[in-house]
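Both chains are sitting in their own frames, so use the hints and assemble them into the complex.
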Amino acid sequence: MNVFEKMLAIDRRWIFLAIGVAVILPFFFPLGLPVVVTPPVQHLYDAVDEIHPNDAPLLLSIDYAPATLPELEPMAVAILRHAFERDVNVVVMTLHPAGYGLAESALLTVAEEMGQEYGTDYCFLGFQPGTSAVILGMGVNIATVFPEDAYGTPLAEIPMMDGMRNYDDIPLVISLAGWSAAEAWVYYAYQPFGQAVGAGVTAVMATDFYPYLSSGQLVGLLGGMRGAAEYEVLIDTLDKGVQGMDSQSIIHIMIIILIVLGNIAYFGARRRRKLEETEAA
Amino acid sequence: MGTLIWTTIGAILTLSVYSFLYKDNPFYKFAEHLVVGISAGYYLVIYYYNFIDPNVVTPVFQLRLGDQAIGFGSGAWWLALIPGLLGLLLYTRFFPRVAWVARWSLGIYVGGYAGLGISPVMQARVIEQIGANALPLTSVTNVLIVVGLLGTLAYFFFSMKHKGILGALARVGIVFLMVGFGASFGYTVMSRISLLIGRVSFLLHDWLQVV
Numbered sequence: 001m002n003v004f005e006k007m008l009a010i011d012r013r014w015i016f017l018a019i020g021v022a023v024i025l026p027f028f029f030p031l032g033l034p035v036v037v038t039p040p041v042q043h044l045y046d047a048v049d050e051i052h053p054n055d056a057p058l059l060l061s062i063d064y065a066p067a068t069l070p071e072l073e074p075m076a077v078a079i080l081r082h083a084f085e086r087d088v089n090v091v092v093m094t095l096h097p098a099g100y101g102l103a104e105s106a107l108l109t110v111a112e113e114m115g116q117e118y119g120t121d122y123c124f125l126g127f128q129p130g131t132s133a134v135i136l137g138m139g140v141n142i143a144t145v146f147p148e149d150a151y152g153t154p155l156a157e158i159p160m161m162d163g164m165r166n167y168d169d170i171p172l173v174i175s176l177a178g179w180s181a182a183e184a185w186v187y188y189a190y191q192p193f194g195q196a197v198g199a200g201v202t203a204v205m206a207t208d209f210y211p212y213l214s215s216g217q218l219v220g221l222l223g224g225m226r227g228a229a230e231y232e233v234l235i236d237t238l239d240k241g242v243q244g245m246d247s248q249s250i251i252h253i254m255i256i257i258l259i260v261l262g263n264i265a266y267f268g269a270r271r272r273r274k275l276e277e278t279e280a281a
Numbered sequence: 001m002g003t004l005i006w007t008t009i010g011a012i013l014t015l016s017v018y019s020f021l022y023k024d025n026p027f028y029k030f031a032e033h034l035v036v037g038i039s040a041g042y043y044l045v046i047y048y049y050n051f052i053d054p055n056v057v058t059p060v061f062q063l064r065l066g067d068q069a070i071g072f073g074s075g076a077w078w079l080a081l082i083p084g085l086l087g088l089l090l091y092t093r094f095f096p097r098v099a100w101v102a103r104w105s106l107g108i109y110v111g112g113y114a115g116l117g118i119s120p121v122m123q124a125r126v127i128e129q130i131g132a133n134a135l136p137l138t139s140v141t142n143v144l145i146v147v148g149l150l151g152t153l154a155y156f157f158f159s160m161k162h163k164g165i166l167g168a169l170a171r172v173g174i175v176f177l178m179v180g181f182g183a184s185f186g187y188t189v190m191s192r193i194s195l196l197i198g199r200v201s202f203l204l205h206d207w208l209q210v211v
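Quick mapping for you: the protein sequence lines, in order, are chains F and G.
Each residue of the first sequence is one higher than the one before, starting from 1 at the first, in our numbering.
Each residue of the second sequence is one higher than the one before, starting from 1 at the first, in our numbering.
Keep in mind that a hint or two might mislead.
[Unchecked claim] In the SDA-like style, the derived pairs of lysine to any residue whose C-alpha atoms are separated by at most 25 Å in a straight line are:
{"hint": "1", "chain 1": "G", "residue 1": "K29", "chain 2": "F", "residue 2": "R12"}
{"hint": "2", "chain 1": "F", "residue 1": "K6", "chain 2": "G", "residue 2": "Y22"}
{"hint": "3", "chain 1": "F", "residue 1": "K240", "chain 2": "G", "residue 2": "S16"}
{"hint": "4", "chain 1": "G", "residue 1": "K29", "chain 2": "G", "residue 2": "L195"}
{"hint": "5", "chain 1": "G", "residue 1": "K29", "chain 2": "F", "residue 2": "L17"}
In short, the hints are calculated from the structure, not lab data.
Extracted from the complex, chain G is given alone in its bound form (with noise of 0.2 Å):
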């Protein structure tokens, strides 16, 4: 019984949202509306119990990391406090006078991030590419590759005009570049009709159960 009003209650949602593509109503804007509000208070339970209380909380006030005790003022402990610390002063942006306190905390939380990604990001984006892209003109499909990627380079080449070869290399890169925009919408209209599939499943097989 309790499952099949939770499921109604999610199929009338369902419902609500999808009356939208008949005209804009009170039942879309009050499901909009719900799943904000619910997705704030899930995300804010969520990071809390899995995140700030085993990481921030409990090793700061409670001196444990995990089952293990910590000393007051040990290495654990600053460690625990100073990013919490550094989290907390994120919010000072709110308050108009010590703003400039948030850049601190950001400055950090965007240089580490931004270090950690530079060499492994060029590495799988850049370096692999060159040296997947490296083939040899034995067949078809790897010409295709070679003229492929050569012509959308060309296409994006602007320090010199698109005449003569760059200009018909640059023709052929447009080719190419629209065949992948094909397929990229392709994959987008599957992705948007396997969304559809996915509710039509539930408002026939788990609530309605007709199939």
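Here chain F stands alone, though its shape is the one from the complex (with noise of 0.2 Å):
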């Protein structure tokens, strides 16, 4: 077997502990590699910052699901913070059914340690199924589709939803999203209601909407654990997404050195063969 046929040989068991292990690296000496924000997440917190405080709130779409946890919930927990820090009130809300303990979750943790009063500061509204219906019944009507918050208090009793209807009376609207929600929110609140949307996605999905952030139909996108990381920076205060970008970047060039030794391996163990071939012939 020559070096060439070892190399394609190797057993991936290696090269899963060398990710393993250069993922749990960088937690134990963090390299402090520079995270430069792009724009797509700098109009997302522009549109976030022009919201004027203790007015009309952010509705907040916690659409994410425990699998794609680490990707969306920094984003989840880095826009609560610009917005509390900006007293900005907070609608959460949830389309996915495993997104409720994980969006209260993150909501409660972030207003507790921003010293923010349910009811003034915030509210959170639970889940509803339907995802199109929803969105599109919240144009009409918030309280028809949420006659109550999640804890069973009706919505008129909230004094910081007293006087909310529609997206009439919501600046901006933000999905945090592992599927099709935030496609969903463009589609049926973007589209018949002109409502401003923002997106938060998983990196898979990210390039998917590229598209309609660059028709307009998107104000802002924040993409992956990245995203977040960039989103971090902007507010000054650094988390699990920046956390998680040391070992991203070594894991990305350990990747870009993998695929070049492969491809070395695959096209030496060819021409060997065929020359091989061509002695034997």
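Written out as structure tokens, the structure reads:
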């Protein structure tokens, strides 16, 4: 077996181990690599920054599940910190059944950290299934879709929801989703009602959303853990997003090296085989 | 103490799932089955208490819509009962002799959502994109966008043979498609590694508390 064939025959479990070590090491030896903010993230940050304090609220639709938590929860935490720091009221809801507990957890944790009061500074509407029907219904009357908040309090009895009827009273909606919910907000909130929509999505989905961003249907876009890291840099509070970037960078370099080596091994082995067949003939 | 127990259980399940990277084993199978079962139970409870109870059970049987009382046989009562019955009819699919009844509910469901979606999706995915790509060729970026768009569209035009100008444009389109796929793959790698980073962060920070 020549060197190229040996390279191709390496047990993949060694590669898994190398990747694991490469992810773990930066937690103990952080590199502090810089995170450069890109325009899509900056635009979303600016959109939140333009919301008036103690006035019409930001609607944050936390539509992710545990499977996409590492990428999307840092976004939720960063956006909530940004909003609460500026005394922007926040209404949180979810269109995903598994998002109920996650949305509540992120909201209550940041609200407690920032000294916010339920009902005055923020509220949690809970979960409603039906995605498109929910989004369309809220464009007509929020109270018909969410007659009560997640804890059974009628919306009319929540101080910050007083006078809030539909999207005319909401300056910005941000959907954090690992599935098609973020697209649904574009289709059913932006298109019929002209509602300003921003999105935070997993990196896998991010490329599908750039057309909406460049056509102006999204005001801004966060893509994956990198997007969360950039937002953390903007709000000057570094957390899990930035913490993961060192590991992310090392792994990307490692994968590039592995791809190059794999191609060298593949073409080298093929060339060696052809030479041997020619000699044998 | 309670948090430590649940965190430890989460860590053991995380390591059980990752043990599959070495080889398939009973610990992985147990964790996999556990997540399926718990997810099903959790979703059932969430759907029932957040949707079925306030929108169907309470109006129909308790004659209440939120805080407001509704009359038996009123418009609101029928609006709660009929969709609820249609939803129940979906379960007739499990009984071969009456399975055809489910088609009525499915038809209303599919037809309704398709009708809701046609116009906004068409607007968002086609009309707005055409407008956004009608760009003046005054910058390198705009030229690249227009050439890439035309090349990609040419590649997927199969009504004529790809030769001559169409063939050249299609070959340009292939290059842009490959660049797009590469970017998508790079994002996919980033996404998968992010999930691993999240789990490692949980193990080192939340469980072992060494970082």
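Right, here's what the structure says about each hint:
no.	hint	in the structure
1	G/K29 with F/R12	21 Å, holds
2	F/K6 with G/Y22	20 Å, holds
3	F/K240 with G/S16	24 Å, holds
4	G/K29 with G/L195	20 Å, holds
5	G/K29 with F/L17	21 Å, holds
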